[in-house]
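Protein sequences appear in the order of chains A and B. Heads up, the first sequence is in the working numbering, so the first residue is 1 and it goes up one at a time. Heads up, the second sequence is in the working numbering, so the first residue is 1 and it goes up one at a time.
Just so you know, not all the hints are guaranteed correct.
No farther apart than 25 Å at their CA atoms in a straight line, the calculated lysine-lysine pairs in the DSS-like style are these [said to hold, decoys possible]:
#1 B:Lys20 <-> B:Lys180
#2 A:Lys152 <-> B:Lys165
#3 B:Lys180 <-> A:Lys94
#4 A:Lys56 <-> A:Lys152
#5 B:Lys180 <-> B:Lys94
#6 A:Lys180 <-> A:Lys25
#7 A:Lys94 <-> A:Lys20
#8 B:Lys20 <-> A:Lys148
#9 A:Lys165 <-> B:Lys20
#10 B:Lys152 <-> B:Lys165
#11 B:Lys180 <-> A:Lys180
#12 A:Lys165 <-> B:Lys152
#13 A:Lys25 <-> B:Lys130
Don't read these hints as lab results, they were simulated from the structure.
Protein chains: 2
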Amino acid sequence: MNKIITIGRQFGSGGRDIGKLVAEKLGFAFYDRDLIALASEKSGMSHAVLSEADEKAASPWLYAAVGQSGQTGFMPTNDTLFAVQSQIILDIAKTENAVIVGRCADYILRDEPVELLNVYLYASDEARIKRVSERMGITGQQALQKMKRHDKQRKFYYDFYTDRKWASHVNYHLTLDSGKFGDEGTAEIIAAAMNLK
Amino acid sequence: MNKIITIGRQFGSGGRDIGKLVAEKLGFAFYDRDLIALASEKSGMSHAVLSEADEKAASPWLYAAVGQSGQTGFMPTNDTLFAVQSQIILDIAKTENAVIVGRCADYILRDEPVELLNVYLYASDEARIKRVSERMGITGQQALQKMKRHDKQRKFYYDFYTDRKWASHVNYHLTLDSGKFGDEGTAEIIAAAMNLK
Numbered sequence: 001m002n003k004i005i006t007i008g009r010q011f012g013s014g015g016r017d018i019g020k021l022v023a024e025k026l027g028f029a030f031y032d033r034d035l036i037a038l039a040s041e042k043s044g045m046s047h048a049v050l051s052e053a054d055e056k057a058a059s060p061w062l063y064a065a066v067g068q069s070g071q072t073g074f075m076p077t078n079d080t081l082f083a084v085q086s087q088i089i090l091d092i093a094k095t096e097n098a099v100i101v102g103r104c105a106d107y108i109l110r111d112e113p114v115e116l117l118n119v120y121l122y123a124s125d126e127a128r129i130k131r132v133s134e135r136m137g138i139t140g141q142q143a144l145q146k147m148k149r150h151d152k153q154r155k156f157y158y159d160f161y162t163d164r165k166w167a168s169h170v171n172y173h174l175t176l177d178s179g180k181f182g183d184e185g186t187a188e189i190i191a192a193a194m195n196l197k
Numbered sequence: 001m002n003k004i005i006t007i008g009r010q011f012g013s014g015g016r017d018i019g020k021l022v023a024e025k026l027g028f029a030f031y032d033r034d035l036i037a038l039a040s041e042k043s044g045m046s047h048a049v050l051s052e053a054d055e056k057a058a059s060p061w062l063y064a065a066v067g068q069s070g071q072t073g074f075m076p077t078n079d080t081l082f083a084v085q086s087q088i089i090l091d092i093a094k095t096e097n098a099v100i101v102g103r104c105a106d107y108i109l110r111d112e113p114v115e116l117l118n119v120y121l122y123a124s125d126e127a128r129i130k131r132v133s134e135r136m137g138i139t140g141q142q143a144l145q146k147m148k149r150h151d152k153q154r155k156f157y158y159d160f161y162t163d164r165k166w167a168s169h170v171n172y173h174l175t176l177d178s179g180k181f182g183d184e185g186t187a188e189i190i191a192a193a194m195n196l197k
């Protein structure tokens, strides 16, 4: 049975960096934005379109417009992307041990025969502002706006495509304040939790 | 600087057992119901009264009754217990490394010069029903009722005496599903988190 670690995360809490560290420690594959590239190739949709749709739920207005137009066999880009990514995540889980960041992987794999460790990362506003402003070379105020917007999108995406509530600890086995433990420490704790028994 | 691990927990998630294991692993002191005995001795209040009041917030009706009676210098038992326990927790934090279960210790120690690790434990209803019914020799239905009642009391107590929301992951550095990892595994992860760097 393959081992899969899914990482949900607040924007700026270091999910990508920490996920990579965990994958290195455990010798697991790592999937994040790379999924987009895979999804793009598999579906034949343009990379630009899929990047734009990534982790954004389909707009209700779009459904209304499609309904009125009378078209059939059409799915909004976001739903297509979700379906394609879900298939890729299911394939990964059948193939190898992996760390998967975002993309509702915890939900998509909930009934699969895998050893699943669902992790959620968050951090204080201060810690996230510092990370985001330093990485992107923007002011703290700009970083805060970016954090709020992205987290709203992530929440909407997760709540839209699952029957769960994003960031509620009951979805996850382990919820960590990455600001408290640092990237390396957080990765160590996650790896230790995966290696138990 | 002393190291203090506080453990908030859902009823039936094994907070007491896991806290003891963590304390053993790290060579820390352990405080749970023993606090009551200490509080009792210190305040001169009867053990029975304090046990009854433990982790229940003072009733608003009691405040009203006291107000009408015109008495001064009187505090409801629960508030006295909270004040006495807070002082004991502050004293512990000045004296030794310790694991403290419940009693809003995370909040009481928030501004103290200690190395603080705040942990919250939960588990699925199934896992908690199993633990509670086996330990207390009651049916699953009775266990579920007990869990609901106790968690309601704990939430009310925590929310009453702090400006935080019980069980919200932002209060804690580490939130764990004890049913996923088992008592021993959960204790190992907590000890590992405390021993980082």
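The hints, checked one at a time:
1. B:Lys20 <-> B:Lys180: holds, 19 Å
2. A:Lys152 <-> B:Lys165: Within the cut-off at roughly 21 Å; holds.
3. B:Lys180 <-> A:Lys94: holds, 22 Å
4. A:Lys56 <-> A:Lys152: It holds: about 10 Å lies between the C-alpha atoms, which stays within 25 Å.
5. B:Lys180 <-> B:Lys94: violated, 34 Å
6. A:Lys180 <-> A:Lys25: Given that 25 Å is the threshold and the Cα spacing comes to 20 Å, the pair holds.
7. A:Lys94 <-> A:Lys20: Holds, at roughly 20 Å.
8. B:Lys20 <-> A:Lys148: Not OK: B:Lys20 and A:Lys148 at ~40 Å, beyond 25 Å, violated.
9. A:Lys165 <-> B:Lys20: With Cα atoms ~32 Å apart, A:Lys165 and B:Lys20 exceed 25 Å; violated.
10. B:Lys152 <-> B:Lys165: holds, 12 Å
11. B:Lys180 <-> A:Lys180: holds, 23 Å
12. A:Lys165 <-> B:Lys152: holds, 21 Å
13. A:Lys25 <-> B:Lys130: Measuring from Cα to Cα gives roughly 35 Å; hence the hint is violated.
Hints 5, 8, 9, 13 from the earlier list are contradicted by this structure; the remaining hints agree with it.
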